[in-house]
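Given chain A, put chain B in place with the hints provided.
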Amino acid sequence: MRFKFFPHTADIKFRSYGETLEEAFENSAYALFSSICEDKVKEKKNVKISVSGNDLSSLLYNFLEELLFLVDSKDFLLSKIKGLKINKKSFKLNCEATGDSGKNYEVYSHIKAVTYNEMFIRKVKDKWIIQIVLDV
Amino acid sequence: MDKNDLKKIKKNIYEFPKSGKMRVPGRIFISEDLFVDDKALDQVKNVAQLPGILKYSIGLTDMHVGYGFPIGGVAAFDIKKGIICPGGIGYDINCSVRLLKTNLTKEDILKKQKEVVEGLYRKIPSGVGRGSPFQINYKELDSLLKGGAKYMVEKGYGIKRDYLYSEEEGCMKDADPSKVSKKAKMRGIGQIGTIGAGNHFLEVQFVEKVFDKKIAKDFGLKVGQVVVMIHCGSRGLGHQVASDYIKLMEEKYGYDGLPDRELINAPIKSKLGKDYFEAMSATANFAFANKQLITHWVREELTNLYGNNTKVEVLYDVCHNIAKIEEYTVDGKKVKVCVHRKGATRSYGKGRKEIPKEYRNSGQPVLIPGSMGTASYVLVGQKKSEEITFGSTVHGAGRVMSRSLAMKNISGSKIKKDLEGLGIKVGSGSEKGLAQEAPEVYKDIDEVVKIVDELGISKKVARMKPLVVIKG
Chain A
1 MRFKFFPHTA
11 DIKFRSYGET
21 LEEAFENSAY
31 ALFSSICEDK
41 VKEKKNVKIS
51 VSGNDLSSLL
61 YNFLEELLFL
71 VDSKDFLLSK
81 IKGLKINKKS
91 FKLNCEATGD
101 SGKNYEVYSH
111 IKAVTYNEMF
121 IRKVKDKWII
131 QIVLDV
Chain B
1 MDKNDLKKIK
11 KNIYEFPKSG
21 KMRVPGRIFI
31 SEDLFVDDKA
41 LDQVKNVAQL
51 PGILKYSIGL
61 TDMHVGYGFP
71 IGGVAAFDIK
81 KGIICPGGIG
91 YDINCSVRLL
101 KTNLTKEDIL
111 KKQKEVVEGL
121 YRKIPSGVGR
131 GSPFQINYKE
141 LDSLLKGGAK
151 YMVEKGYGIK
161 RDYLYSEEEG
171 CMKDADPSKV
181 SKKAKMRGIG
191 QIGTIGAGNH
201 FLEVQFVEKV
211 FDKKIAKDFG
221 LKVGQVVVMI
231 HCGSRGLGHQ
241 VASDYIKLME
251 EKYGYDGLPD
261 RELINAPIKS
271 KLGKDYFEAM
281 SATANFAFAN
291 KQLITHWVRE
301 ELTNLYGNNT
311 KVEVLYDVCH
321 NIAKIEEYTV
331 DGKKVKVCVH
341 RKGATRSYGK
351 GRKEIPKEYR
361 NSGQPVLIPG
371 SMGTASYVLV
381 GQKKSEEITF
391 GSTVHGAGRV
401 MSRSLAMKNI
411 SGSKIKKDLE
421 GLGIKVGSGS
431 EKGLAQEAPE
441 VYKDIDEVVK
451 IVDELGISKK
461 VARMKPLVVI
471 KG
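Chains A and B, in that order, give the protein sequences. Just so you know, the working numbering puts 13 at position 13 of the first sequence, and the rest follows in order with no gaps. Just so you know, the working numbering puts 353 at position 353 of the second sequence, and the rest follows in order with no gaps.
To be clear, the hints were calculated from the coordinates, so they are not data collected in a lab. No incorrect hints appear here.
Taking lysine to aspartate or glutamate and the EDC-like style, the derived pairs with C-alpha atoms no more than 16 angstroms apart in a straight line are:
(1) B:K247 x A:E66
(2) B:K183 x A:E66
(3) B:K39 x A:E118
Only chain B is shown next, with the shape it has when bound in the complex:
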């Protein structure tokens, strides 16, 4: 399979027709100029073979190869006849992004850039080697898995508004902590409030450009304003939950007849399917709680540096790796579906009750982290996404270069120097880690965002540039 086999439907939309065991066609939302991995295209085709899949198997603009599903993959399954697939959600369940808006300006940060990078780096641990000072027992962990961000706020780490301005209000209601193994809990219990390494980061950014003044105002954003972006997930707990259920599903259902062992799945209606959904929901809550604690620490540190009048509010919080039960019109009929978003963001248009009231006339905020040192975006969800991509849009730039190649060809210390030349201060545990996430290993974020804007599945609101980068 390669890009030339795709049939052009219209600008930026390509299809590969049903063939072989595919139950539905594949749809790729991409421009002619953007790189697509052949293997990622094969993965879209593999997903199209899964039972109960509706309309088409989707690859979004930032797609690249994953395991099972591609990253940037979306698929919706019929709630009665369909399956749920851990490989369609990812090992980092609820890898997600939260954006905090502040009343600080770019100049405020530039005046104390060194103190900000050092203060935040000290305050927010990466994980391995730098564990979390936040310690709880297993009983409390169960309450956290049940309550998500709300649990943290009730314990004094934040304010009510923080979780109300999050997807699912920071808590998936189907969470059942008893469906999460002891092993997963052991991996996660010491990691609450940690960012982790890889592509995860915390950035202090400033709003460089506003594309839509009215919506930016609704979201509380203006040029020069400082925002803080937190990108992290459910850490070792989520990885173990994914592994555990992949094994359980393999034992129960096997992988004969599947195009790829990583697409192991269970019927949504089955006991195991439900168990996974409840464990995944609890894991998603772990990620919400994780970002809530980090939010609290950011607030403390910025208040410490800039005084008591410093305001740090949650703009929004979106999931990137998740399955949700949602309703869509398919073939003229309303149906409940289980949408898998793997490296994709929900993108609801205006009027939806799931969106906080303050934003309801605009649409859901969509937060797109760029790669280190490049721009990040705030977009707004559109009704069009509900028609063509099961309410989804991209989640980032998408990789084009391997980590091993990056480490061979790019020097971490040079990146640090380059970024500092651009006025960006970096706090990082390791220079090698920096090389793996260098800006040049990703697709061009500006191009990716331009295409989803043209497609009309989400619209540009504001672009941010980093001032301070904290990496694990």
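Just chain A, same shape as in the assembly:
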């Protein structure tokens, strides 16, 4: 399972999972986009993403916020995240996002923002679990 949604009265709450921290981050991006559009998005555009943070939580926040920025400013919908690397000491993240223009798909929700509300990034046994609440 890559991610799962949980009930939240006003907003969208999900957990994403991964064998590695990178995979859990990647899956949180897929969860974010599955709350915007359910269609299978084609790989027509490439965008390089490079973000940093003060700790893991802010790195995650900035990563997902960068994706929302692409939605609003470039009408970008995500298909795949490729080559995601995280430097756990300097809290830097690099990856490539592939996707397509939103006008070709049925978009059913707009996400306003990523929030720190109930956010966590945990390693439980051998797995990473991320929890996020999105403001809708």
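Below, chain B without anything else, positioned relative to chain A:
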């Protein structure tokens, strides 16, 4: 914290006394029957811990859980010793409602219901996937952020009366576009004139019932008349401004000692506090301009369908997510405060100079959107709100069911069918989006409005029912 821990003060007013780090008590304005989320109550308590908070931390009748502050939360901070908190305003800065009154009747719409839904849906873009045909450059965007609705009118999109009949006359004067980041501007520049998705909508409604004939007459409303309600905000630009300042405040002041990371704040008097206020004001102007352009398009489309004698006038425009500098009497002294309204509406009583002259003997119009397919209301502000809720009242029904649960349990196509069974035509980009905003995920608007009327913080004037719903 749960509802049972609350102390009843009198009918519909509850308190939880000061405890732990709370600087003031919490006040909840709710009936016994309405649902309150325990987490939302905790949030009222958290807000009570913030520096400079005056009298009490308030949760209004439509309250539900937000981040930091609850939605339906109001708090006033001392202008000298207090703070300003982006989480007390929301990511959608100046999410707001504008009501247009027309000279059309319910029958006029019913005759051409299909043309109205198709025409408006075509004309007014939702945002993602359906961008705005309105394109400007960054220099013009700065003028728009400075001038708000007035800027749009000067460019030919509307008439002077439109912005004069708006809260702040459609322009917050402290706006400084240079305090809005390039990134925020990039997110917003292509979205002017778009509604967005989520709970935002445009509805053609008719006045179903008038509760107060005299005030309805002052507002220009009568039974059977058609009105248009626009509910939207500052789109991606506002979301980015909130995110930007949350980060800046975190870097500068940290969140140690705060009960919740989302309550990050800055002293109002500090450089960063002022910068945020000026950026927030510019963002509020973006939302005013946004609704002004939509107003212009609605006017064009209705004139196109019903001829040149069609009148479309702004009744009023109210902010739901905003901070304002206002004056109140606290402990017998007049003080300037920074009121945070998050999912709350200003509710000034009669006589205030901030209200358009035509309405001054009645009070400020308060516009309450219902959930999709249910009633919406026009209320009138009351002096009582200035005494007990820092001049505030509710902003809507308030959610009771999560979006994920709604999508699992409710089918968008069934809702569309149900609404059409009620005679309501729906124009929507997505059926899933419809399910998330189904009427049953909200509190009962009639009950919420009944309570604020009983409390006397705003009074019922008219109730509207939808004929056409446009959603992103």
